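*Asks:* Using the sequences provided together with the hints, build the complete structure.
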Amino acid sequence: MNAIEVHNLRHQYNRRTIYEDLNFSIPEGTICGLLGKNGQGKTTLVNILMGFLKPTSGKCLVLGEDSHDLPPATRNRIGLLHEGHLAYEFMNIAQTEKFYRGCYPNWEAEIFYDLVEKMGLPHDHKVANMSCGQRSQVVLGVIMAQNPDLLILDDYSMGLDAGYRRLFLDVLHDFAALGGKTIFVTSHIIQDLEQLVDTMIFIDQGEIMQTGLDDFMNSFHKYVFHNGGELDLSTDDVVKGFEQRGELVSLYSFADEEKVKQHLTTLGIHAKELQKVEMTLEDGFIGLMGKY
Amino acid sequence: MLPSLLLKEWLKLKRYFAAALLLNFGICLKIFFDIRQQMHSEHAEMVWYQAIHIHTVLYQDIRYLPLITGLVLAAAQFVPEMLGRRLRLSLHLPASRGFMLFSCLLSGLLLYLLICVQDTIIIYLTLQNYFPVEVANSSLPTMLPWLLAGLLGYLGGVTVLLETHWPRRIFLLLIFSVLITMLFSGNGYGWFTPAIPYLLLLFPMAFCSVFESARRFQERGV
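First to last, the sequence lines map onto chains A and B.
Going from the first sequence to the working numbering is simple: count from 1 and add 3.
Going from the second sequence to the working numbering is simple: count from 1 and add 459.
In short, the hints are calculated from the structure, not lab data.
The model shown is predicted, which means the values in this text are computed figures rather than measured ones.
Straight-line alpha carbon distances no greater than 25 Å define the calculated DSS-like cross-link-like pairs of lysine-lysine that follow:
hint, chain 1, residue 1, chain 2, residue 2
1, A, Lys57, A, Lys40
2, A, Lys225, A, Lys262
3, A, Lys264, A, Lys294
4, A, Lys294, A, Lys243
5, A, Lys129, B, Lys473
6, B, Lys473, A, Lys101
*Replies:* Set out below in structure tokens:
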């Protein structure tokens, strides 16, 4: 069974087409990362999935229900983290716990306080007076204490330092380990997702590519070679992306080393000391999506 | 769920409610002292003549107070929800949009009603103390358009704040402004009494407009 299904999704905003014919699904019990450059519609997609935006056409199912009309019982099973760690700033820690405790029947107060007390703040500390990292802990505590079946996290890493990001990852790992839990996450810190996700959706210009993390890391390669002067190269079937720093060129491709070498020779490029090197997910992201 | 939603609204409203309650109380007290002063410093017959024959409304000072109160309560409740589009947090709660919004409005309207009751009782008792009961009784229909203006101010304020489309927001602002201006267009005792049953129809219409703006807020998204 799929936790999320998107069929023929089309969306326009101010006459600009964000998606034309988007189709993907996220099976239950998996961790899926949505990756894309800024402005590619990641938050828009989260808003559509959570019913905060009506798409131009197409259908989205979340836990089997139409996302435009999620019944309360289904929303009860979804933990949602909004971009910017949205929280009620007029509440303090204790009021936040009291408020959500009355809203969610499966609320687990000890989970909330376990996370929040790591900050060492008094329970009457107002959310408005917290740093971004502290606020993120409160929000994380709120969504974890709901004990949801599906977590949707919209750029959880925004404004967080390495410590808070690591804490987030630890909590998400523990949550996933409970079994049967689905996580759909967007983040601009790609290397964090490498430690978390098992499938990824790359979104670019309204097109998507869905792949398993291991499949992607095994099939997409980074090559480096030296080249004197400015390289005149464009992307094609073999070259998916490249970047040049001084004489060192990094080239990204799904093809093996021999094919890349042949292709470059065909293009008249002398790839001195071409070799395949280790690639991080961030390298792969840049290689596939480009920098801008 | 309802106690939690009411708690949330109370946390937003409590300071503004206390301030509005005190301000209303202070103005009503001022009206009491002004009438008492007039009764002592002028001939009582002259004050009676003004109040009963010339139809001078001696509690004009509170005329716009319910409207200001309604607008303040609407802003106190919904400006925090609109900053960063925080209303999405409430819309994601496991409750229907209608129920969630109804709870918000219920809190605001109940507190507004409490302030209205306070004003009405103080003005009624003040008038009853110095004038025949008919003058005190006439304060109720006289003040009703002002209290309704406050109600429309509250519901209109919420509707306009929730609306995300600027041309529509301006249109709604215009509609509510015209309706509220109409409620202040007359003077004297009970000048609007014959129209009051029809004016009461404005309340469910304004109430529904809030739900329509909330629906549009949710569907607009980003």
